[in-house]
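Novice: Sequences and hints are given; from them, build the entire structure.
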Amino acid sequence: MLAFIDRVTRIVALYCGGVVLAALMTVIIVDVTGRYLLNWPLFGALDLSTVLLVLVVACAIGYGGRTGAHVTADMVSTLVGPRFEFYSGVAVKIVATAIVSVWSWRLFVTGNVARRLGESTQLLNIPYEPVYKALSFGVGIYALVLAIETIVLVRTGKVPLLLDESRAMRGDNE
Amino acid sequence: MTNTEIGLIGLGALFVLFVLRMPVGLTMLIVGVLGNAAIAGWSHALPSLSSETFAIASFYQLVVIPMFVLMGNLAGASGMGRDLYNTAYAWVGHIRGGLASATIIACACFASLCGSAAASAVTMGRVALPEMKRFKYDDALATGTVASGGTLGFIFPPSAGMVIYAVLTEQALGRLFLAGVIPGIILTLLFLVVIRIITGRRQEAGPPGPRATRAERIATLKQASGIIIIIVMTIGGMYAGLFTPIEASGFGAGFTMVLALLRRRLNWPVLRAVVLQTMRTSATIFLILMGAYVFIPFMTLSQLPEILVKFLLSFDFNTTVVLIIIITMYLLLGTFMEDFSMLILTLPVVLPVLKTLGVDLIWFGVIAVLIIQMGILSPPVGLAVFIVKGIVPDVPMYTIFRGIWPFWYAMGVLIILLLIFPQLALFLPNTMFGN
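Chains as they are written, first to last, in this note's numbering: chain A, 6 to 179; chain B, 6 to 440.
In short, the hints are calculated from the structure, not lab data.
Keep in mind that the hints are not guaranteed to be accurate.
To be verified - One-sided and incomplete, this derived list gives chain B residues near chain A with beta-carbon spacing under 8 Å: (1) Val29; (2) Leu54; (3) Phe59; (4) Ala62; (5) Leu67; (6) Met72; (7) Val280.
Where a beta carbon is used, it is the ideal one built from N, C-alpha and C, also for glycine.
Specialist: Structure (C-alpha cells):
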C-alpha cells in the first residue's frame, strides 16, 4: 500500500509539479521580457500565475505528507514512552485523515458552487471550478496518504517516510 | 459559553495537538474550523475552510515561494555554493580563522540565492566542514560557523520567513526584503568579528590555510561571476525598481537554470532532486499558511487578541518595554517551536499589540526573522544544529551548541542595535519607496 501511494505522490510531484513549475517560471520570464524589451507584457500573466500557483500547491501537498515535510512542534517527544507514542500516533493520523478528507470534499463542493456562479479569473476568464477541483484532488491525495499511513501504523507499529533524492539533497537525518 | 472562553479552549486544544505531534498546519486547520463552528456555526466554518485555503493557494504574492525555492535549490544542486565558497576561500582563507570567515562570506552570498536556512547550511556544510576538518579547525568553531552562517539565508532577501511575515501582516514584500539587506550585512560582519575574537584567543581553533595566488583568486572570481550577476540582478533589480519580488523570483530561477545548464551541471538526477525538493518545501510552507488562514479568523472571532491588547495597555508600559516582552517571549518560544509555526501562531495576537503601539511593521519584520534565526540555533530543537549534526555525525551535539553560542550573542547584539537605530532596517526601503 505504501509503495502505491509513494509512487502516486512522487509522480504527481515530479512530473505534474515539474511541468507546472516550468510553466510558472516561463510565464514570469515572458511577461518581464515582453514588458522591458517589446513593451508588450504577457496578457493575463497574473491569471496564469495564480492558477499555476494553485496547481503547484495541489501537486506538492501529498508528497509533502509522505516525506515528512509537514512540520510538527516536537515539544515532548523525548518524554513519552513508545506505547503512548503509538496510540497518540494512531489517534493523530485518524483525526488528520478525517479533517483532510472534509477539507478535500469542501474544496470540491466550492468548485461546484464556482461553476454554478460562473466564477472565473478576471482577464483570461479561466473558470475557477477545475482549479478548485485540482486543489481538492491534491488535498485528497494527502488524505489518502494519511489513511494508508494509519493502516500501516496499526498493522506494523511504524510508518517509514518516503526517502528519496529530495532528502538526499537536504542531507538531514529526520 | 462566551467567545473568549471558546478561544481559550481552542488555544488549549492547539497545545494538546502540538504535544501529540499533529502537523502544525493541520492543527491550526482543525482548531480553526472547530472554533469557527463553535462561534459562528457550521454554515460559516465549512465554507471558510475551502475559501480561506484556496485564497492562500491562489495568492499572487506567494508565487515567490516556489520560484525562490527553485532558484535556491538549482543554485545548491548545481554546485554554485561550492563556487562561492572557493572564491571566498581564495581571498580570505590564508588569514587566521580564514576558512570559517570564507564560510560566513559564502553563506551571506548564497543567502541571496536561497531563502532557506536549511538549504544554506546543507550546501555550505558539505563544502566547508571537510575543509575545516582538514586544516584541524576546532569542531565547535567549524560547526558553529556553518550552522550560524546557514541562518543568514533567513535575513537576506529572498527570505522565506519574510515572505510569510509579509503575507500575514499585509506588508509590502519589496520593502521588507530591502529592510533585511543592511542588518544582514551587519550580521555578517558581526559573525566575522566573532571568528576573529575566537581565533585571537585560541589560535589553534582556526589556523590559517594556504595563500592563494593572484591568478587563482581571479580564476575563482570568474567562476563565481555568474552567481554574482544573479544576486545583483535579483536584489539590485528589486532595489532599482526594475523588478517586483515576483518578477525577480521567476527571472532569478530562470537565469540560475540557464547558468546551471551552460555549466553542464544540470543532469536528470539533479533536476529530479531539485523539483522534488522544491515541491517538498512548498508543501511545508503552504500547509502552514493555509492552516493559519483558517485559524486567524477564529482568533479574531474569539476577541482574544483585543483582550490581550487591552491587558497590555492597562499596565501603561512604554513601547520599548512591550517590545522587550514580545522579543523575550519569541526567544523562549523559539527554543521549542519550529521557525514558521512560531511566527504564524503568534502574529494574530502580537500584531494588534504592535499596531496599537504604532510600531513600524517593516522594522519589526526584520526583528521577527532575526529571532526566528536565533530559534533555529537554540537548543533543544535548533533545526540548523540537526542539519550540521547530519553532515558530521561524529561531532557531539554539545560541541555544536558550544560553537553556536558566540554567534547567537552576535544576533542579540544586532537586535539591540536595531532597537536603538531602527534606521538600519528602514533606510533602504524608505529611500527606495519613500516613507
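Novice: Would the hint on valine 280 of chain B be counted as holding, given a Cβ-Cβ threshold of 8 Å to chain A?
Specialist: Since chain A brings a Cβ to about 4 Å from valine 280 of chain B, closer than 8 Å, the hint holds.
Novice: Hint check: is the beta carbon of methionine 72 of chain B less than 8 Å from a beta carbon of chain A?
Specialist: Hint holds; methionine 72 of chain B Cβ to chain A Cβ min 7 Å, cut 8 Å.
Novice: Is the shortest C-beta separation between alanine 62 of chain B and chain A less than 8 Å?
Specialist: holds (4 Å)
Novice: Given leucine 54 of chain B as an interface hint, is its Cβ closer than 8 Å to any Cβ of chain A?
Specialist: holds (5 Å)
Novice: Just to be careful: measuring from the Cβ of leucine 67 of chain B to every Cβ in chain A, is the smallest value less than 8 Å?
Specialist: Since chain A brings a Cβ to about 6 Å from leucine 67 of chain B, closer than 8 Å, the hint holds.
Novice: Holds or violated: valine 29 of chain B as interface residue toward chain A, Cβ cutoff 8 Å?
Specialist: Holds - the Cβ of valine 29 of chain B comes within 8 Å of chain A, reaching about 5 Å at its closest.
Novice: Have a go at the phenylalanine 59 of chain B hint: is there a Cβ in chain A nearer than 8 Å to its own Cβ?
Specialist: Holds: closest Cβ of chain A sits about 6 Å from phenylalanine 59 of chain B, inside 8 Å.
No hint from the list above goes unmet by this structure.
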